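Going letter by letter, the sequence shown gives residues 6 to 123 in the working numbering.
Quick caveat, the hints were computed from the structure, so don't treat them as lab data. Hints should not be assumed to be uniformly reliable.
Within a straight-line C-alpha distance of at most 16 Å, the following computed EDC-like cross-link-like pairs (lysine to aspartate or glutamate) qualify [unchecked claim]:
| hint | residue 1 | residue 2 |
| --- | --- | --- |
| 1 | K43 | E89 |
| 2 | K43 | E15 |
| 3 | K43 | D102 |
| 4 | K43 | E91 |
| 5 | K43 | E29 |
| 6 | K43 | E78 |
Values in this document were obtained by computation on a predicted structure and should not be read as measured data.
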Amino acid sequence: MSSQRIRVTEYLELDTATETWHCERCGHAIGSGREDYKRGLLLHDRDPREIHPARFEGEHSFAPDPTWCRIVEYYCPGCGVQLETEYLPPGHPLTHDIQIDLDALVARASEIREGQAR
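Based on the sequences and whatever the hints tell you, model everything.
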């Protein structure tokens, strides 16, 4: 079976031949296409004040309050490219944001390959 990668996001691909998530930049195999791709990534839980520093002194500084907001960054373990960022309330579970019907996608990719072979 030949490799058939489909780009899902800027730096995320899904290989329909191996049913595996891959980093588009370095080709690192992230994990099973049947699971959340984020499980195979490195993550950094950031203090939002590092990203959005206070613009003014005082209570209303326009900086996110870390008791209300956290920033989670996801990185490829192979090359370090940042694949995703989430703004979440503290304690909120990480989001499963991409759910692909992999069986249908694999079947469609197979149809396309067979059509090109004719």
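Status of the hints after comparison with the structure:
1. K43 / E89: holds (9 Å)
2. K43 / E15: Distance of about 15 Å is within 16 Å: holds.
3. K43 / D102: holds (9 Å)
4. K43 / E91: The given pair, whose Cα atoms are some 11 Å apart, holds under the 16 Å limit.
5. K43 / E29: holds (15 Å)
6. K43 / E78: Distance ~10 Å between K43 and E78 Cα, so the pair holds.
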